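Enquirer: Sequence:
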Amino acid sequence: MARRPLFNCAQTYIEHGYVELSVPCKENNKFAMNGNNLHIWPRGEFMMTSLPNEDHTFTGNLFAPFHVFEKLKTRDSLLSFYIEHFPDLLRLIGEEKLVEQFFKKKPQTLISIKCKPYHVGKTAIIVGDAAHAMVPFYAQGMNTGFEDILVLDELMERYDSNFAKILPKFSELRCDNGHAICDLAMYNYIEMRDLVTKKSFLFRKFVDKILFSLVPNFWIPLYFAVQFTRMSFRECIAHKEWQDKVWIR
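With positions in the sequence shown counted from 1, the corresponding number in the numbering used here is that position plus 1072.
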């Protein structure tokens, strides 16, 4: 499709990458941390995350600018970095395991892709990562692909499988939303690694929570709207924009 006229496609590699690490379970086969939560260690420019697995281990990731990884080329530099920034994780993983895992492979890249349109005539469409690959910080990559299929199914029923109508309508409905979730995923990285350490941001979250409990159909926080409603991603952004205006006033 990229070779066809009037097809726009932009891919952006961000200047941050990641290394995956494993946090083992305890000797009694229990979680080393709370197994019901996503754990985040925000450090401004970089962060660690950790997600629980069924075998009671955690999958951890160090997300950081590549210039940070460039400084972590030796055992001593790596251990000094973790002693300074993530001492609790270092104790859970262990020095030898950390060194072994970290240097096993190079830091991986993170990419965001935006395309328009998603269809070619009445013969073909792209969905999922082919249409809107995104950075992982909203955990919506797979869900967005599923939503593509849900929308496509609804359109097939509405237009009685007339693909000459279905495919252009699919692009009309999904392109802007695909771009929106790519932008939201980028924004959430900043929120996770940096904004959550700011008192002003935490106060805003506190007020959002109170307003949501009082008027849940009127004041819906961005994260809840994205993760737990059928509100389109464009609508989620528009909703947050007017909330921001109210907040500034």
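For the record, the hints were derived by calculation from the structure and aren't laboratory data. Note that the structure is predicted; figures quoted are calculated from it, not measured. Using N, Cα and C, we set each Cβ at its ideal position, and we do this for glycine too. Don't take each hint at face value.
Unchecked claim - The calculated DSSO-like cross-link candidates involving lysine-lysine, where the alpha carbons are at most 27 Å apart (straight line), are:
no., residue 1, residue 2
1, Lys1186, Lys1098
2, Lys1188, Lys1176
3, Lys1169, Lys1145
4, Lys1176, Lys1143
5, Lys1277, Lys1241
6, Lys1271, Lys1241
7, Lys1277, Lys1237
8, Lys1145, Lys1178
9, Lys1145, Lys1177
10, Lys1188, Lys1241
11, Lys1143, Lys1098
12, Lys1169, Lys1143
13, Lys1237, Lys1188
14, Lys1237, Lys1186
15, Lys1281, Lys1312
16, Lys1241, Lys1186
What the hints assert, rightly or not - Label pairs and their calculated CB-CB ranges:
no., residue 1, residue 2, range
17, Ser1152, Asn1100, 30 to 40 Å
18, Glu1307, Gly1200, 37 to 47 Å
19, Pro1137, Gly1166, 50 to 60 Å
20, Arg1321, Asp1225, 24 to 34 Å
Enquirer: Is 30 to 40 Å a correct range for the gap between the Cβ atoms of Ser1152 and Asn1100?
Expert: The hinted range 30 to 40 Å holds for Ser1152 and Asn1100, with Cβ atoms some 31 Å apart.
Enquirer: Just to be careful, I want the Cα atoms of Lys1188 and Lys1176 compared with a cutoff of 27 Å; is the pair within it?
Expert: 38 Å, violated
Enquirer: Just to be careful, I want the Cα atoms of Lys1143 and Lys1098 compared with a cutoff of 27 Å; is the pair within it?
Expert: 31 Å, violated
Enquirer: Starting from Lys1176, check that the Cα of Lys1143 is at most 27 Å away, please.
Expert: Roughly 16 Å between the alpha carbons, so the hint for Lys1176 and Lys1143 holds.
Enquirer: Given the hint that Lys1145 pairs with Lys1178, does the C-alpha gap stay at or below 27 Å?
Expert: 10 Å, holds
Enquirer: Keeping to a limit of 27 Å between CA atoms, is the pair of Lys1169 and Lys1145 held or broken?
Expert: 16 Å, holds
Enquirer: Does Lys1241 sit within 27 Å of Lys1277, going by the straight-line distance between their CA atoms?
Expert: 37 Å, violated
Enquirer: Take the C-alpha atoms of Lys1237 and Lys1186, compute the straight-line distance between them, and say whether it is at most 27 Å.
Expert: With Cα atoms ~23 Å apart, Lys1237 and Lys1186 stay inside 27 Å; holds.
Enquirer: Between Pro1137 and Gly1166, is the Cβ distance one that fits in 50 to 60 Å?
Expert: 26 Å, violated
Enquirer: Are the Cα atoms of Lys1145 and Lys1177 separated by 27 Å or less?
Expert: Since the Cα atoms of Lys1145 and Lys1177 sit roughly 12 Å apart, the hinted pair holds (cutoff 27 Å).
Enquirer: Return holds or violated for the Cβ distance of Arg1321 and Asp1225 against the range 24 to 34 Å.
Expert: Cβ of Arg1321 to Cβ of Asp1225: about 42 Å, so the range 24 to 34 Å is violated.
Enquirer: Does the alpha-carbon distance linking Lys1271 and Lys1241 stay inside the 27 Å limit?
Expert: 44 Å, violated
Hint violations for this structure: numbers 1, 2, 5, 6, 7, 11, 18, 19, 20, all remaining hints satisfied.
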